[in-house]
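Given chain A, put chain B in place with the hints provided.
First to last, the protein sequences are chains A and B. Counting in the working numbering, the first sequence tops out at residue 1071, every number present. Counting in the working numbering, the second sequence tops out at residue 128, every number present.
Note that these hints are calculated values from the structure, not bench results. We put the beta carbon where it would ideally sit given N, CA and C, even for glycine. Among the clues, some could well be false.
Restraint ranges, calculated between C-beta atoms of paired labels, are given here [stated by the list, open to error]:
id, chain 1, residue 1, chain 2, residue 2, range
1, A, L902, B, K56, 21 to 27 Å
2, B, E98, A, N1022, 33 to 39 Å
3, B, P87, A, M874, 24 to 30 Å
4, A, E1023, B, T89, 30 to 36 Å
5, B, D71, A, M874, 41 to 47 Å
6, B, N94, A, R858, 29 to 35 Å
7, A, T842, B, D38, 37 to 43 Å
8, A, H877, B, P87, 42 to 48 Å
9, A, V1026, B, T89, 36 to 42 Å
Straight-line C-alpha distance at most 25 Å; calculated SDA-like pairs for lysine to any residue [unchecked claim]:
id, chain 1, residue 1, chain 2, residue 2
10, A, K839, B, Q72
11, A, K1039, A, K1054
12, A, K1054, B, L35
13, B, K127, A, L928
14, B, K56, B, E91
15, A, K1039, A, L928
16, B, K56, A, T840
17, A, K1049, A, D1025
18, B, K56, B, R78
19, A, K1046, A, W1057
20, B, K52, A, G915
21, A, K839, A, R851
22, B, K52, A, T837
23, A, K839, A, T892
24, B, K56, A, G912
25, B, K127, A, S832
26, A, K1049, A, P1018
27, B, K56, A, G969
28, B, K127, A, G912
Some chain A residues judged to face chain B by a derived CB distance under 7 Å, without partners named [stated by the list, open to error]:
id, residue
29, F819
30, L827
31, V865
32, V881
33, G882
34, R886
35, D1000
36, V1026
37, Y1028
38, L1035
Given next are the chains, with one letter for each unit.
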Amino acid sequence: MATLKDTKSHDMGLHEESLKGRTQQRFFSVDESSNLTYFNSFEVDTDKTATIDALEMTPREINIAIRELMESGVGSITVENPMSRHGVGVGILNRLNLTFTDSLGYFGCGLIDGPNVHIKGRVGWSCAENMMAGTVLIEMNAGSTFGAAIRGGDLVCRGSVGARTGIDQKGGTIIVGGNTGAFSGFMMQRGRMIVCGDAGRNLGDSMYDGVIYVGGEVEELGIDCVPGEMNELDVRYLSSKLDLYGIKTPNGAEKMHKYVSGKMLWNYDKLEPHEKKVAL
Amino acid sequence: MSNTEEKFIEIDSLDKSHEEMTGQHIGYRYDVNLVPDLDFITPFLQEYIEKMGWKDLNWLEDVHMGYEGDQAAVFDRNVNGWVTIPDTIELPNNQQERDMIARELLIKFQMSENHPMVDLNAAYRKF
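Excised from the complex, chain A in its bound form (with noise of 0.2 Å):
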């Protein structure tokens, strides 16, 4: 039987790193910088446009060419005949205008920190997944989990989606123009989901904060999913965040139904057994 050895890890040097975690400590000073784009992003110019025909290229050869083009300076890029391929358009993280003529596959536009993207057709599962800033606009209809885990940004569809929309969503706008599926905005943390027509069932289920809006009906909401009171500032919003991408509800913004969490669920102390019997 083989034995652990303790002297490979002090090899390593894993001893020896200094972890400082939260204790560290950057000094620095609101005038020192003005950019507005990250540090090492790539300067692209929007008025600069290619194109690329994905005919006969793999994911990872579209995903390099995007990247390439970025590089050299190109702000605006179509990619042709994408084949609804799976994880392309991943890991941008720089101001971009990407458009897409046809549907992708699963995971298109995850992890993403910036662009503005246009898919012209339809999307697999979980579509920007995990992104952090940026549009992402969806001409068609979308698969499960779409937008799971988003952090910030707007992610559009204007048909409809499938189940668990929203899924562990951090933050950022999510927006349906038709219905969505079963435990959408399940486990929700923050951010804000727009349902222009019908929810399926378990909206909201576990949802710890965060807010959702709904046009159509619901067929149930989820534990510790409660309806909230619309406001002015609401309306508002929903108005011009619906007018920015064309997209109508039904009844007018004003008769939009607004769901937030009952925080019932949020406690993981030793109170928690009192807690669940509130809740449940």
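Below, chain B alone, put in the same frame as chain A:
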């Protein structure tokens, strides 16, 4: 709790009865769900969103001014830590204006050469 902090926590969105029932505070000391009022946008933020090609605050809608200890601060998700607001900046009374200040400071910090992500990028970037 400092006077500065106490001054800003008296907002309707905090569920006081729930806090009293559990005997402790849970959650944020500011309204995390407050949607931004673009009437309060600063010139710097306006320039930033135009540069990015956005028509509203985009991801900055989720940025609010909070507190680190007894000091006003804004949370930087890229480093998982708080950026404290300098004492020299006078904070307005309403959250909408304070949030705009927090957003501007956060952008200036994140886009700075001095941001920790610049070092991490150099150390770990794969391609």
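Verification of the hints:
At roughly 23 Å, the beta carbons of A:L902 and B:K56 sit within the given window of 21 to 27 Å. Our hint of 33 to 39 Å for B:E98 and A:N1022 is violated, since their Cβ atoms are close to 18 Å apart. Evaluation of the 24 to 30 Å hint for B:P87 and A:M874 yields a failure: the beta carbon distance comes to about 52 Å. Checked against the given bound of 30 to 36 Å, the beta carbons of A:E1023 and B:T89, roughly 34 Å apart, stay inside it.
Separation of B:D71 from A:M874 is about 57 Å and departs from the stated range, judged on CB atoms against 41 to 47 Å. Distance hint check: the CB atoms of B:N94 and A:R858 are about 46 Å apart, inconsistent with the given range 29 to 35 Å. For A:T842 and B:D38, the hinted distance range of 37 to 43 Å is satisfied, since their beta carbons lie about 40 Å from each other. Against the hinted window of 42 to 48 Å, the Cβ-Cβ separation of A:H877 and B:P87 comes to about 46 Å, which satisfies the hint.
Between A:V1026 and B:T89 the Cβ separation comes to about 37 Å, which falls inside the hinted range of 36 to 42 Å. Restraint check for A:K839 and B:Q72: not satisfied, since their Cα atoms lie roughly 45 Å apart, outside the 25 Å limit. With a CA separation close to 31 Å, the supplied pair A:K1039 and A:K1054 exceeds the 25 Å bound. With a CA separation close to 16 Å, the supplied pair A:K1054 and B:L35 stays within the 25 Å bound.
Between B:K127 and A:L928 the CA atoms are separated by roughly 29 Å; this puts the pair beyond 25 Å, and the hint is violated. Distance check on the hinted pair: B:K56 and B:E91 sit about 28 Å apart at the alpha-carbon level, beyond 25 Å; violated. Note on A:K1039 and A:L928: the hinted pairing holds, with a Cα-Cα distance of about 15 Å set against a maximum of 25 Å. Of the pairs offered as hints, the one joining B:K56 and A:T840 holds, with about 21 Å between alpha carbons and a cut-off of 25 Å not exceeded.
Distance restraint check for A:K1049 and A:D1025: the Cα-Cα separation of roughly 9 Å lies within the 25 Å cut-off, and the hinted pair is therefore satisfied. The straight-line distance between the Cα atoms of B:K56 and B:R78 is roughly 22 Å, inside the 25 Å bound, and the hint therefore holds. Of the pairs offered as hints, the one joining A:K1046 and A:W1057 is violated, with about 30 Å between alpha carbons and a cut-off of 25 Å exceeded. A distance of roughly 30 Å separates the Cα atoms of B:K52 and A:G915; the hinted pair therefore is violated under the 25 Å criterion.
Our distance criterion of 25 Å between C-alpha atoms is met by A:K839 and A:R851, whose separation comes to about 23 Å. Simply put, B:K52 and A:T837 have alpha-carbon atoms about 10 Å apart, close enough for the 25 Å limit, and the pair holds. Using a Cα cut-off of 25 Å, the hinted pair A:K839 and A:T892 holds, with the two alpha carbons roughly 18 Å apart. Under the criterion of a C-alpha separation no larger than 25 Å, the hint pairing B:K56 with A:G912 is consistent with the structure, at around 23 Å.
For the hint pairing B:K127 with A:S832, the CA-to-CA distance comes to about 15 Å; that is within 25 Å, so the pair holds. Of the supplied pair hints, the one linking A:K1049 and A:P1018 holds, its CA atoms being roughly 6 Å apart against a limit of 25 Å. For the proposed pair B:K56 and A:G969, the alpha carbon gap of about 23 Å is at most 25 Å, so the pair holds. Among the hinted pairs, B:K127 with A:G912 is inconsistent with the structure: their alpha-carbon atoms are about 32 Å apart, more than 25 Å.
Given hint, A:F819 at the interface with chain B, holds; its Cβ is 5 Å from that chain's nearest Cβ, closer than 7 Å. Taking 7 Å as the C-beta contact cut-off toward chain B, the hint placing A:L827 at the interface holds, the least distance being around 4 Å. Proximity of A:V865 to chain B is violated relative to the hint, the smallest CB-CB distance being about 14 Å (cut-off 7 Å). Violation of the interface hint for A:V881 is found here, the shortest Cβ-Cβ separation to chain B being roughly 13 Å, above the 7 Å cut-off.
The interface hint given for A:G882 is violated, since its Cβ lies 10 Å from the closest Cβ of chain B, which is over the 7 Å cut-off. Annotation: A:R886 was flagged as interfacial toward chain B, and the flag holds, the nearest CB pair being 6 Å apart, inside 7 Å. Given the 7 Å rule on beta carbons, the hint for A:D1000 holds: about 6 Å separates it from the nearest Cβ of chain B. Annotation: A:V1026 was flagged as interfacial toward chain B, and the flag is violated, the nearest CB pair being 10 Å apart, outside 7 Å.
Below 7 Å, beta-carbon pairs count as interface contacts, and A:Y1028 has one with chain B at about 4 Å; its hint therefore holds. Checking A:L1035 against chain B: minimum C-beta separation of about 5 Å stays under 7 Å; hint holds.
Checked against the numbered hints above, the structure breaks hints 2, 3, 5, 6, 10, 11, 13, 14, 19, 20, 28, 31, 32, 33, 36 and satisfies the rest.
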